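> Taking the hints into account, I'd like the entire structure generated from these sequences.
Protein chains: 2
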Amino acid sequence: MKNIYIIGVGLIGGSFALDVKKTIPSSVIYGIDTNETHLDEAIELGIIDHKAEIKDLNNADLVWIAIPVDATIELLPKILDEVSDKTVVVDAGSIKEDICLAVKEHPKRRNFLAAHPIAGTEFSGPKAAINELYKNKTNIICEVEETAFKLQEKALKLFSDIGMRIRYMNPKAHDKHIAYVSHLSHISSFMLGKTVIEKEKNERDIFDMAGSGFESTVRLAKSSPAMWTPIFKQNKSNVIETLEEYIQNLKHFKSLMENDDFEAVFDEMETTNHIKDILNGIQ
Amino acid sequence: MKNIYIIGVGLIGGSFALDVKKTIPSSVIYGIDTNETHLDEAIELGIIDHKAEIKDLNNADLVWIAIPVDATIELLPKILDEVSDKTVVVDAGSIKEDICLAVKEHPKRRNFLAAHPIAGTEFSGPKAAINELYKNKTNIICEVEETAFKLQEKALKLFSDIGMRIRYMNPKAHDKHIAYVSHLSHISSFMLGKTVIEKEKNERDIFDMAGSGFESTVRLAKSSPAMWTPIFKQNKSNVIETLEEYIQNLKHFKSLMENDDFEAVFDEMETTNHIKDILNGIQ
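Same order as they appear, the protein sequences are chains A and B.
Following this note's numbering, the numbering of the first sequence begins with 635 at its first residue and continues without gaps.
Following this note's numbering, the numbering of the second sequence begins with 635 at its first residue and continues without gaps.
Quick caveat, the hints were computed from the structure, so don't treat them as lab data.
Mixed in with the good hints there might be a few duds.
The list cannot tell twin chains apart, which means a pair is met if one copy fits it or any two copies do.
Said to hold, decoys possible - Cross-link-like lysine-lysine pairs, in silico, PhoX-like; alpha carbons within 25 Å at most: (1) 870 / 885; (2) 712 / 738; (3) 885 / 833; (4) 784 / 761; (5) 833 / 867; (6) 888 / 833; (7) 810 / 885; (8) 655 / 685; (9) 835 / 784; (10) 788 / 910; (11) 833 / 685; (12) 769 / 885; (13) 685 / 885; (14) 867 / 769; (15) 833 / 870; (16) 771 / 833; (17) 867 / 888; (18) 888 / 656; (19) 655 / 833; (20) 835 / 806.
Note that the structure is predicted; figures quoted are calculated from it, not measured.
See the structure below:
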């Protein structure tokens, strides 16, 4: 593994570049981005060694795609067109079904590995890139059997050296489950932020009263709309399903309060406290 | 300030005791709690010096009440009955209107200071007590004019020595605003936890896919139902109002997705990104 190409030098791509460089000091990191300022920043920050373009990809050992998922769907076939037999192309997108579908019949499908590293922060751009973002994080690999064995082996070894745990899943199940544990959290957080901001318009004092609890719950509302809009679009039916269940649960809680059934309100919360054990389990 | 009585030796009471002891090393901390195990733990952890009872309160310089808000409403008049002229009684409850109302006509109303320190974690009990929980936190004081000047002065100096910022607010405004920035966050988090747990019943893999974003958003769902049920009960109408607005915003977001209006979905998120500046403001 020598020539690593990062397509999209933001939080996800930039952090991956930092980890690769640390794991394989002899690697050369190339950055590709439609945003020239980001490329310059990435060079300045030592995230990439050189700027590059799609046409240079035949030189790549590994390509890491970390751009909005709609852009991945469009660009992935073109990337595969360019790469050589020895190149493994990995995408890090938060939806997997449509991405796998986009290259299902591509003659170089076996050069592609569909991945979703469960890692990130609410920030974006090269300046948001951090060391060890991927350490001890889960990387979900989809349709592993569709990737050439030698190429998956090469990529999986690198992920493992960086400190990632690997899980295998089919794209359909991935998209359904991730809607619950990631996409829905973002909407709940964005809408919480919206609800409070709307109120704040006339009552500016309100944020003096916000504590760490509010901050934690609303943290994801800082996330990038450019990244999240395509995710919601691409995973529309699953996200709408989770959102519908979430709204039903909120309505039910509200009706318990309206009916002064605070015993049931207590029970709702006590049952959900079970999340403690679950979260301990994921750490 | 010598004799400090903590009623409720959990997270809020215990952490206050630790800060007082550090700020006034000569103080003697007494603990009162209906839970004997918690009292024993509090002594073992060095949070309190002695166990005490309500009838001992005439000895107190300051009483800090940190029990569920419905228990405060019931107990506060009895506490005031016991205290001497020199005692300031402070409650730390998350609702203020009903608490102030409970002692409005009490002959010792001027011994009471209604407070709400915006501090806490999702944990509870004496073991959850931590040093410097209150440092740089806002303490909202309600109806300050109803408290004897010398007593408020004494309490406010202690809060300031501990590192708290003071804000003044009327109880009605407090309860309305806190519903947005605290109570609603808890419900949004509990219901998010519930929605995901319900799904998880049949699909145990799901939590392997949860990352730090989910964890942050669902953190408050670990909170104590014994503390939060009375808060929702006591602040029912404000909480229902915020919940209704939150549900409307979620439904609107869902309908934008259903109508494939992803430009509007983008705008919703971009507008709400403004929360970044607001959160920077509160730090």
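> So, for every hint listed, does it hold in this structure?
Outcome of the hint check:
1. Both within a single protomer and between protomers do residue 870 and residue 885 lie at most 25 Å apart by alpha-carbon distance, with minima of 22 Å and 14 Å respectively.
2. Only within a single protomer do residue 712 and residue 738 lie at most 25 Å apart by alpha-carbon distance; the minimum there is 13 Å, versus 74 Å between protomers.
3. Both within a single protomer and between protomers do residue 885 and residue 833 lie at most 25 Å apart by alpha-carbon distance, with minima of 20 Å and 18 Å respectively.
4. With identical chains, the CA atoms of residue 784 and residue 761 are never at most 25 Å apart, being 34 Å at best within one copy and 52 Å at best between copies.
5. With identical chains, the CA atoms of residue 833 and residue 867 are at most 25 Å apart between copies only, with a shortest distance of 22 Å across copies and 28 Å within one.
6. In the homo-oligomer, the alpha carbons of residue 888 and residue 833 lie at most 25 Å apart both inside one protomer (19 Å) and across protomers (21 Å), since each shortest distance falls under that limit.
7. Both within a single protomer and between protomers do residue 810 and residue 885 lie at most 25 Å apart by alpha-carbon distance, with minima of 23 Å and 20 Å respectively.
8. For the homomeric pair residue 655 and residue 685, the shortest alpha-carbon distance inside one copy (16 Å) is at most 25 Å, but the shortest distance between copies (59 Å) is not.
9. Within a single copy, residue 835 and residue 784 get their C-alpha atoms no closer than 58 Å, and across copies no closer than 37 Å, so neither meets the 25 Å cut-off.
10. With identical chains, the CA atoms of residue 788 and residue 910 are never at most 25 Å apart, being 37 Å at best within one copy and 40 Å at best between copies.
11. In this assembly of identical chains, the alpha carbons of residue 833 and residue 685 never lie at most 25 Å apart, being 46 Å within a copy and 44 Å across copies at closest.
12. Taking CA atoms no more than 25 Å apart as the test, residue 769 paired with residue 885 passes in neither setting, with 39 Å inside one copy and 37 Å between copies.
13. In this assembly of identical chains, the alpha carbons of residue 685 and residue 885 never lie at most 25 Å apart, being 51 Å within a copy and 44 Å across copies at closest.
14. Taking the closest pair of Cα atoms, residue 867 and residue 769 never come within 25 Å of each other, the shortest separation being 29 Å inside a single copy and 43 Å across copies.
15. For the identical chains of this complex, residue 833 and residue 870 are inter-copy neighbours only, at 18 Å across copies versus 29 Å inside a copy, given an alpha-carbon limit of 25 Å.
16. Taking CA atoms no more than 25 Å apart as the test, residue 771 paired with residue 833 passes between copies only; the shortest distance there is 22 Å, against 37 Å inside one copy.
17. Taking the shortest alpha-carbon separations for residue 867 and residue 888, only the inter-copy value of 11 Å comes in at or below 25 Å, while the best intra-copy value is 29 Å.
18. In the homo-oligomer, the alpha carbons of residue 888 and residue 656 never lie at most 25 Å apart, since the shortest distance is 51 Å inside one protomer and 43 Å across protomers.
19. Taking the shortest alpha-carbon separations for residue 655 and residue 833, neither the intra-copy value of 47 Å nor the inter-copy value of 39 Å comes in at or below 25 Å.
20. Taking identical chains as interchangeable, the C-alpha atoms of residue 835 and residue 806 lie at most 25 Å apart only when they sit on different chains, with a minimum of 19 Å there against 42 Å within one chain.
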